[in-house]
Amino acid sequence: QKEVEQDPGPLSVPEGAIVSLNCTYSNSAFQYFMWYRQYSRKGPELLMYTYSSGNKEDGRFTAQVDKSSKYISLFIRDSQPSDSATYLCAMSAFAGGTSYGKLTFGQGTILTVHP
Amino acid sequence: GAVVSQHPSRVICKSGTSVKIECRSLDFQATTMFWYRQFPKQSLMLMATSNEGSKATYEQGVEKDKFLINHASLTLSTLTVTSAHPEDSSFYICSALVRGGWTQYFGPGTRLLVL
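As they're listed, the protein sequences go chains S and U. Going by the working numbering, the residue at position 9 of the first sequence is 9; the numbering climbs one at a time, nothing skipped. Going by the working numbering, the residue at position 64 of the second sequence is 64; the numbering climbs one at a time, nothing skipped.
A portion of the hints provided could be inaccurate.
No more than 30 Å apart at the CA atoms, straight line, and that leaves these computed lysine-lysine pairs for DSSO-like [as the list claims (entries may be wrong)]:
1. S:LYS67 to S:LYS2
2. U:LYS41 to S:LYS56
3. U:LYS20 to S:LYS70
Quick caveat, the hints were computed from the structure, so don't treat them as lab data.
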């Protein structure tokens, strides 16, 4: 079993739809949770980051973390064609030494928003 | 803020030559930088962790003599692919961990093609 599971999709939605992206994880030591957006042939761009359980909102994006269920989500409201990209969830544990800051990624979900 | 640059963005070289890729944090200090490799339609694979002023830590299966990493300052890490072969062709991405923090910012990536 992978430490982080993410449905690779692809996911295709019409413009204006609400998009829900999800990841589950098995390592209870994970405390920091991030969502990255990656356009084709580009480096990942940090969208949202949260620490521990709860919700965080930034514009059209909302990140949710449920540590009890080991489940995180990213919601995109009023989706736009420019949101078409691969979305990667990532998480890390509070660890020291050589493991500090190491991220474990999901497989990425390919999202297409069509006009 | 939180910009990471990579140079070059694309490089084509002959088999047997060495290629150096630079990763710079432009507006913040990063005691730790990470190097990833990404194949088409796959997630990021961590190659090594680079700590300023100390030796890099390599992930299992990554040849440290082939992928030389130097982190000489708080804003610069370099990856040198020595004696490159066609199987080394890939998309190499670096990320920088904000000093004292836990958020990582990624560079735009370097596409390496070995002929």
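How the hints compare with the structure:
1. S:LYS67 to S:LYS2: holds, 17 Å
2. U:LYS41 to S:LYS56: Roughly 29 Å between the alpha carbons, so the hint for LYS41 (chain U) and LYS56 (chain S) holds.
3. U:LYS20 to S:LYS70: violated, 40 Å
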